[in-house]
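**Student:** Spelled out, the chains give:
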Amino acid sequence: TNAEPADEKKTVNVGVSIYKFDDNFMTLYRQEIEKYFKSLNTDEVTYNVTVQDGKNDMAEQTNQIDNFIAQDYDVLIINLVQSTSAATIIDKCEAAETPCIFINREPSEEDMKKYEGMISYVGADARQSGKMQGELVAELDNKGDLNGDGLLQYVMVVGDPENVDAKYRTQYSIEQYQEVSGNKVEKLDEQRGDWDQAKGQEIVANALTQYGDKIEAVFCNNDAMALGAAQAITAAGRTVGKDIYLVGVDALAEAVDLVSTDMMTGTVLNDHITQAHKAVDAAVSAVNGEKLSAYYWVDYVKVTPKNASQFK
Amino acid sequence: MNIEKKRIIHFMSNNAITLLLILLVFYVGMTQAGFLSGPNFNNIMTNVVPRFIIALGVSSCLITKGTDLSAGRMVGLGGVIACTFLQRADYADRFFPGLQQYPLLAVLILVILATAFFGLLNGMVISILKVPPFLATLGMQTIVYGINLVYSGADPIGGLRKDYTSLATGELFSIGGFSFKYLFLIGIILGILFWFLYNKTRYGKYMYAIGGNENAAEVSGVNVTLSKIKIYTVAGIMYGIAGFLLAAKSGGASVNLGLSYELEAIAACTIGGVSTTGGVGKVSGILLGVLVFELLKTSMQFLKIDTSYQFIVQGAVIIIAVALDIRKYLAKK
Amino acid sequence: MNIEKKRIIHFMSNNAITLLLILLVFYVGMTQAGFLSGPNFNNIMTNVVPRFIIALGVSSCLITKGTDLSAGRMVGLGGVIACTFLQRADYADRFFPGLQQYPLLAVLILVILATAFFGLLNGMVISILKVPPFLATLGMQTIVYGINLVYSGADPIGGLRKDYTSLATGELFSIGGFSFKYLFLIGIILGILFWFLYNKTRYGKYMYAIGGNENAAEVSGVNVTLSKIKIYTVAGIMYGIAGFLLAAKSGGASVNLGLSYELEAIAACTIGGVSTTGGVGKVSGILLGVLVFELLKTSMQFLKIDTSYQFIVQGAVIIIAVALDIRKYLAKK
Amino acid sequence: MSEILLEMKEISKSFPGVQALDRVSLKIKKGSVHALMGENGAGKSTLMKCLFGIYKIDSGEVLLENEHVNIKDTQEALSLGIAMVHQELQSIPERNIAENIFCGRYPMKKRAYLKMIDHKKMMEDTEKLLSEINLKLSPKTRLADLSVSQRQSIEIAKAISCRAKIVIMDEPTSSLSEHEVNALFDMIQRLKEKGTSIIYISHKIEEILKISDEVTIMRDGTYVGSWSSSELTTDMIIQKMVDRELTNRYPQRKSKPQGNILQVEDLSSTDPKSFQNISFELRKGEIFGIGGLVGAQRSELMEGIFGMRAISSGKIIYKDKVLKIKRPRDAISKGIALLSEDRRAMGIFGVLSIFDNVTVASLDHHLILKTILNKKSLNEVVHESIEKMSIKAPSSKSLIQNLSGGNQQKVIISRWLANGPDILILDEPTRGIDVGAKYEIYTIMEDLVSQGKSIIMISSEMSELIGMSDRIMVMCEGKNTGLIDAAVATQENIMTLATKYM
Ligand SMILES: Nc1ncnc2c1ncn2[C@@H]1O[C@H](COP(=O)(O)OP(=O)(O)OP(=O)(O)O)[C@@H](O)[C@H]1O
Ligand SMILES: Nc1ncnc2c1ncn2[C@@H]1O[C@H](COP(=O)(O)OP(=O)(O)OP(=O)(O)O)[C@@H](O)[C@H]1O
Ligand SMILES: [Mg+2]
Ligand SMILES: [Mg+2]
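Residue numbers (our numbering), protein chains in the order written: chain F, 1 to 312; chain L, 1001 to 1333; chain H, 2001 to 2333; chain P, 3001 to 3502.
Calculated directly from the structure, the hints in this document are not laboratory data. Here a beta-carbon is modelled for each residue, glycine too, at the ideal position from N, C-alpha and C. Hints may contain errors.
[As the list claims (entries may be wrong)] Quick list of the computed label-pair ranges, beta carbon to beta carbon: (1) P:E3076 x H:K2130: 18 to 26 Å; (2) L:Q1032 x H:F2117: 28 to 36 Å; (3) L:K1005 x P:N3182: 36 to 44 Å; (4) P:K3027 x H:F2117: 47 to 55 Å.
[To be verified] Straight-line distance between alpha carbons at most 27 Å, and here's what the computed DSSO-like set of lysine-lysine pairs gives: (5) F:K214 x L:K1304; (6) P:K3128 x P:K3140; (7) P:K3072 x L:K1005; (8) H:K2130 x L:K1328; (9) H:K2200 x P:K3110; (10) P:K3284 x P:K3240; (11) P:K3334 x P:K3284; (12) P:K3284 x H:K2230; (13) P:K3109 x H:K2200.
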């Protein structure tokens, strides 16, 4: 490192760039990264963590990474804005000989073969979250089929499709539902809620007036939209668990709360704590000169009324 | 005969947007079940009210030849503040754990004070420091967002009190499927208040005068500086109220609440005949503009238009609507 | 002595923004290692060039008293189109699997044709249909985004060809740590071209005349309609070029590339003295405005200001910079 | 000489609610000056705008050199050899003189790969043109830095430099002073000799009789008739225009000024080029005239008193108290009103109605419970104004921007009268106003002073100054060069004082 302090104490500069600061999940994630790094500080080593906001703009993020490299940071933890831009970032890191841990948004396999041992991806398989949403409904006693016609009539509230999570959840929740339940499905409506609670409420409120009792399940790509949906469902005089089902992803505190009181059918926990710890551990071992493996996987967890109390 | 025809054309071009709206409602209503129903009317109105309130706030700025790009972020700040003070006592993840249960009105006032403060700042920067409104409010947009990030830590705030959420869901009375919600009452009251302000008070007349010709207003004895400060402050108040209601309506708020609502509000105002060159605009027009937007969105959802195409349709309809509407203002050559 | 003092104050108020900039660079350079280094200079310049190009495009619209809110989305469309045609042959996840390897210039032309088309539409809607620029380009923003969604299916496009990405990374020559990249050359050429357009051609003079007094321009025989169409089309071209370069620089593109760059560009123009009331603006000022933005951002990162606070600082600095700068135009009568 | 260059036949044009032109005809001979006259709102400007392609005619036809032409837009008019000086200033304030003059027809460099503007030629031509019309200005001066009259001169220069067959001048002299008017007349003479025809609109009958060859008179959008100017006299013109006798041009001045209301002592502007060390006093019930040439800083002085410009030293004593005015509303609240010379920039609210334009300055006097506007009493004020000033408009809801220039002026005067000021400062009050309406305004002025109010009137029209004032202060280059009692004032002695430092 460039800045050798006068005493023995070693300072490790860690650059973190998060794709967007106002993302609920990544907020929890980055807070955990910082917390965990702090707990690793000892008399010999101090971790100096700088977290930047990519502002959902790849060009901006590239610039931040350039700045980190210009300042000779020891290791980078990057939550890419565009997973397809990984190659460019990896090339930059390789040129500067800086190890780099990607989190949350997965670069292509091809890219992960580059600069072996110095880069790594820590994350959960985004497809899994969708699959679990499907299972949450499929594993109900009536498989979600309230009207018993062998079809699941559903409404899908999609996040910003620019994020692959949105696509995977939209796709795999339904595929997995069909596979597990053996039922067919009927899509009544699919709208973009852009991860936003207010939009979730408006979309589901409209869908409920248009399709009324026909709707059996509402799938939301994340919990914020599911919370809005819950609001719309209550306002329309429907009851989750009785005449409609509602699932989300993220296990936000309020969503878990709703699940535990049977006001949401279920949600899926993206385990940011384990992920954050694994990412930090990988970063630390890279600084210590150890060779990284390309992937560290963390599982999603289903949250149902039965186990909800564990997640509070 | 010919005169009759001319009259019809004249009427049509003078009411292009209203006619377009009626046509749309008629078409969707005929082809899609549930569109012309009480609950759908309720939905649309619940969506319209907060946006109408925001548009009212923005409209004053537009009429003085200004603009307010900080509207959306102020709505967000208002919503987040409201939610942090109005969580259920038994909610586990409370923002202020030990907080007592304040009355709704007290929190509303707090929210209004906060957003009015930033509105006041906007007004002062624009009228005293003479920073162009676009830039001043763009800067304020960033600042308010930053403050909201710092305040809320980007955590979504939920677990709201029933009395608060029922502001948006609770109804005063209902006839058939049409229920009259508290929210509507608030919208109507604010609409009338603004109509009154714009037409019956000095505040309104000065606003139009400033927009019509700022120099002439100054020379005519209008306190331009003070008027603008008032206008931006009142706008701030409206954003606070809108944020308060929006959060109640969606059952929670996060830092992104209200994102880019200002653009929609400005567009709605312009569709409703508020001139971007200042001095012109009516409350009824603003309501019409907001209605166009919301009806269009709901209609597209009912018509099952693919979401990607919805963007294209929405953009095109806005442009076409205004292109038709503008005919009536264009000086006849 | 007193005169000397007055002169200094006069000089300071006339160059407020430049001085602020120098002060900032000086302070950060003194306190933070690596700031005043070749690589950092390169970083900043690579950031500045695409934004400068966008700002150039937007500036023409602003000078005619218009605006262009579709800029950011057009940049996104340009970037996405470029990437879909410039993926490596051996990249697994290609958008057009069997596509042959077109020369860069051919793809650039394709991109420019696409964005110029939407610019042309903007121009026609504004000048022929007389839709207010704010609304016309807001509508176009939505439309272009929708089209990009439909085109790309919201998939991020990566796996770019080396010859393409090296446009942004490749260097022409380097002296010490300061390397002169292809990107800079493009920026300089376009800057000079615009300077020439604005100062030496009818196109530029008409642009200023229209912004200064559209009516007067019209009665002087300026073809206002055609001039505006040209201006918006040229702006479209610039967005295409910027998108092409930005995607090369970030090594990929998705539908959100360029999101809200227009606001930044408009802000940069205004900081650089382009008047929002039309008729005023210089290329050098635009460059200065963009520099202020980028230097500020980089400085805050070097100073390790917490990101949430960065928003607050950025907003405040913009407002203050313009408030100081505007003094020079406000000479009391 | 007698060859017909232009013929407009049975032209009709209507706006919503107004028949602006009703079968009006006009014949213009080659190389002649043809005056167009009529009251405010008679349709003169509209007729010319139809010719220049700004408005599309509803019916009728236009023949240019016996060829039928259909002029769609101004570009076409210009290319047919028609140029126009507009009633309202059409300058581009942020650009310089040369660019303003050559806007729309910049000289291009002949040998250059890229189409470049020939700046050098443009500057030279501008300089030549400026010297032709006696303007000592650099071609690089921004229009925003010029006075209204200088801007007007630039527009005239621009129209003349088009080398057009027909030059339309819509009240070119309304904001010019004697000096510039004479330069203009010389210019017109030279144009005539070159065979150019000029259509000249003015409310100044002396001018018309002096320079025109023929006169066409319009009334209420209809054609009254055309005469050779040699057959006409002032009284005949007035009679034909207003359709009634107008025996006096100025009302009998009866009021006797007495006592002081305002005393200006040693007032200087912060701008050293503007007014310096001005002292005068205004009496109760007096019309105090201020004369001088353009650039004499008369307007600046008044704007200084009214709080629109910075004052470096001096005192203003009003009703025996030292007056502290920082901004216009301080002055207004003390009972001082100023009618600005720049109607477009400082007067009208174009997109607002007549109602709003009249009432904006006096809303404070019409409040119920100190908050709600009293529509009823405001309406009374507006209707009274429309009647008293005979403002020609479809209704009080009409937008002021759709009124004829003269009627706009009347609306603005009404605004200040509605405010009931003790001192009314009028900067060129009758600019662009027809003889009939002028008389009405003079009568109102006389009424006001006989009620004990005081008026300061800046005017570039000597006869008006002499006819209406009690005393006349003359300024030259920012200094007070003398005070003349109206009884002994003549054009000559005013002129002598006005050019004292030249
Ligand atoms: N654009 C317009 N819209 C509506 N009415 C108009 C418009 N332009 C002119 N008018 C009306 O047409 C009539 C003729 O106006 P015009 O300007 O031709 O009068 P003018 O003879 O030039 O008067 P002045 O001497 O005051 O300039 C007026 O009643 C005026 O109100
Ligand atoms: N020689 C000059 N060069 C540049 N600007 C000038 C010159 N003379 C006057 N001005 C500007 O012209 C404007 C108006 O001129 P001024 O008020 O002195 O004329 P005036 O005596 O009031 O004549 P008018 O009868 O037209 O009102 C002012 O803004 C002043 O700064
Ligand atoms: Mg006229
Ligand atoms: Mg003057």
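**Student:** Hints numbered earlier in the text: which of these fail when held up against the supplied structure?
**Tutor:** Violated hints (numbers, rising): 3, 10, 12; every other hint is consistent with the structure.
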